[in-house]
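Once you know that position 61 of the sequence shown is 61 in full-length UniProt numbering, the rest is easy, because the numbers rise by one and skip nothing.
By construction, these hints were calculated from the structure, which means they are not laboratory data. The structure displayed is predicted, hence computed values, not measured ones. Cβ coordinates follow ideal geometry from the N, Cα and C atoms, glycine included. Any given hint could be a false lead.
Restraint ranges, calculated between C-beta atoms of paired labels, are given here [unchecked claim]:
id: 1; residue 1: R8; residue 2: D67; range: 14 to 24 Å
id: 2; residue 1: K24; residue 2: D66; range: 10 to 20 Å
id: 3; residue 1: S33; residue 2: I58; range: 12 to 22 Å
id: 4; residue 1: D23; residue 2: M1; range: 27 to 37 Å
id: 5; residue 1: G43; residue 2: I64; range: 10 to 20 Å
id: 6; residue 1: G19; residue 2: D67; range: 28 to 38 Å
id: 7; residue 1: D66; residue 2: G26; range: 29 to 39 Å
id: 8; residue 1: D23; residue 2: D66; range: 11 to 21 Å
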Amino acid sequence: MKLKCRLRIILAEKNIPQGEFADKVGIAQTTISLLARDRTLPGLMNAYKIARGLDMPIEKIWVIDDD
1 MKLKCRLRII LAEKNIPQGE FADKVGIAQT TISLLARDRT LPGLMNAYKI ARGLDMPIEK
61 IWVIDDD
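Take these sequences, add in the hints, and give me the full structure.
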């Protein structure tokens with residue numbers, strides 16, 4: 001079981017550039033990029049900031065992938 005990040009898809013759907021979103025939520029753009037490419041998992045505080053910045057629940061951004 002693994003978490004799959006939908007951040008890249010969500011930002012594209014909302015037409016929000018990663019750098020602009022990073023500034024909005026106060027997280028480094030490199031961290032947003034790593035998260036969006038599923039290279040790392042966020043800490044609780046960053047996950048909360050991202051979910052709040054998107055006005056979405058965390059479980060809509062990171063979903064369980066049973067593959």
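Hint check results:
The hint said 14 to 24 Å for the Cβ distance between R8 and D67, and at roughly 18 Å that hint holds. At about 32 Å, the CB distance of K24 to D66 disagrees with the hint of 10 to 20 Å. For S33 and I58, the Cβ-Cβ distance of about 19 Å falls inside the hinted range of 12 to 22 Å, so the restraint holds. Take D23 and M1: their Cβ atoms lie about 33 Å apart, and the range 27 to 37 Å holds.
The hinted range of 10 to 20 Å is satisfied by G43 and I64, whose Cβ atoms lie roughly 19 Å apart. The beta-carbon spacing between G19 and D67, approximately 31 Å, falls within the hinted interval of 28 to 38 Å. For the pair D66 and G26, the beta carbons lie near 33 Å from each other, so the given range of 29 to 39 Å is met. The hinted range of 11 to 21 Å is not satisfied by D23 and D66, whose Cβ atoms lie roughly 35 Å apart.
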